[in-house]
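*Asks:* One-letter residues, chain by chain:
Number of protein chains: 2
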Amino acid sequence: MNEDLFKCLSDLNRRRILYCIGRQEMCVNSISECLELEQSLVSHHLKELYTCGLVTRERRGKKNYYRVSQKQVIALLESAKELGDSLKVCKSD
Amino acid sequence: MNEDLFKCLSDLNRRRILYCIGRQEMCVNSISECLELEQSLVSHHLKELYTCGLVTRERRGKKNYYRVSQKQVIALLESAKELGDSLKVCKSD
DNA sequence: ACTAAATATGAATAGCTGTTCATATGAACG
DNA sequence: CGTTCATATGAACAGCTATTCATATTTAGT
Numbered sequence: 003m004n005e006d007l008f009k010c011l012s013d014l015n016r017r018r019i020l021y022c023i024g025r026q027e028m029c030v031n032s033i034s035e036c037l038e039l040e041q042s043l044v045s046h047h048l049k050e051l052y053t054c055g056l057v058t059r060e061r062r063g064k065k066n067y068y069r070v071s072q073k074q075v076i077a078l079l080e081s082a083k084e085l086g087d088s089l090k091v092c093k094s095d
Numbered sequence: 003m004n005e006d007l008f009k010c011l012s013d014l015n016r017r018r019i020l021y022c023i024g025r026q027e028m029c030v031n032s033i034s035e036c037l038e039l040e041q042s043l044v045s046h047h048l049k050e051l052y053t054c055g056l057v058t059r060e061r062r063g064k065k066n067y068y069r070v071s072q073k074q075v076i077a078l079l080e081s082a083k084e085l086g087d088s089l090k091v092c093k094s095d
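Protein sequences, first through last, are from chains A and B. Just so we're on the same page, my numbering is the position in the first sequence counted from 1, plus 2. Just so we're on the same page, my numbering is the position in the second sequence counted from 1, plus 2.
I should point out that these hints are in silico values taken from the structure, not numbers from a laboratory. It is possible that part of the hints are untrue.
Identical chains share a label here; the pair holds if one copy fits it or two copies do between them.
Claimed, not checked - Simulated crosslink set (DSSO-like; lysine-lysine; CA at most 27 Å straight-line): (1) 83 x 65; (2) 83 x 64; (3) 9 x 90; (4) 9 x 64; (5) 64 x 49.
Just so we're clear, the structure is a prediction, and the values are computed from it rather than from any experiment.
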């Protein structure tokens, strides 16, 4: 399975999932409802995120709770977004 | 064409090109030789990097000189690398 | 043990992406 | 203008990736 960080972050839905569970842990169903994505799709993406080490999981009862493994993950997303905006501004000059 | 920053950075050869021209501007041939990649491949990648605004170019004579548009680009690559290493370490615990 | 809930998995597939090859474009110079 | 150097472009293709659908697995409760 893919372990490249950038490849893993290059998918919008995976980034949305990361933002979604960035503040608090969430189970698969909640993520699925929150983002309006199919449960199986969320599961597939979570697997990749997990393989990359970007998220951790914890089983409690029937549910599997996922969370972002490190705060630097979101920080990286943020600075990438900032850079992206900056690049757009420069192009419109 | 693709304008997503992460998608653009997700390719290893494009990242290699960015590192290559991170310190000084370089023409296509030099990049090509330096990284041992086909000229046309480098050209294709540079086009994507340019579309994203990650690089700028300047024609001088026959040659086209490319450089990284902002120092934050390399900074982002660096912090991503750091995070990647950190994730690997955590997984081997 | 049976059932229901929650999640994971696998196969199938359509669309995308990186690479190569061949060729076109442009710029300098005799 | 013709030639050469430097780069860009386009078509073609193989391999990858995201998504969906169907189904399996796991866990808890009765």
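*Asks:* State whether the alpha carbon distance between residue 83 and residue 64 is at most 27 Å within one copy, between copies, both, or neither.
*Replies:* The answer is neither: 36 Å in one copy and 36 Å across copies each exceed 27 Å.
*Asks:* Is it within, between, both or neither when you check residue 64 against residue 49 at 27 Å Cα-Cα?
*Replies:* Classified as within; 17 Å inside a copy, 49 Å across copies.
*Asks:* Evaluate residue 9 and residue 64 at a C-alpha cut-off of 27 Å and name the case that applies: within, between, both or neither.
*Replies:* neither (31 Å within a copy, 35 Å between copies)
*Asks:* 27 Å Cα cut-off: does residue 83 pair with residue 65 within a copy, between copies, both or neither?
*Replies:* For residue 83 and residue 65, the Cα distance exceeds 27 Å both inside one copy (32 Å) and across copies (33 Å).
*Asks:* Within a copy, between copies, both or neither: which one fits residue 9 and residue 90 at a CA-CA cutoff of 27 Å?
*Replies:* Result: close both inside a copy and across copies, 22 Å intra and 15 Å inter.
Hint violations for this structure: numbers 1, 2 and 4, all remaining hints satisfied.
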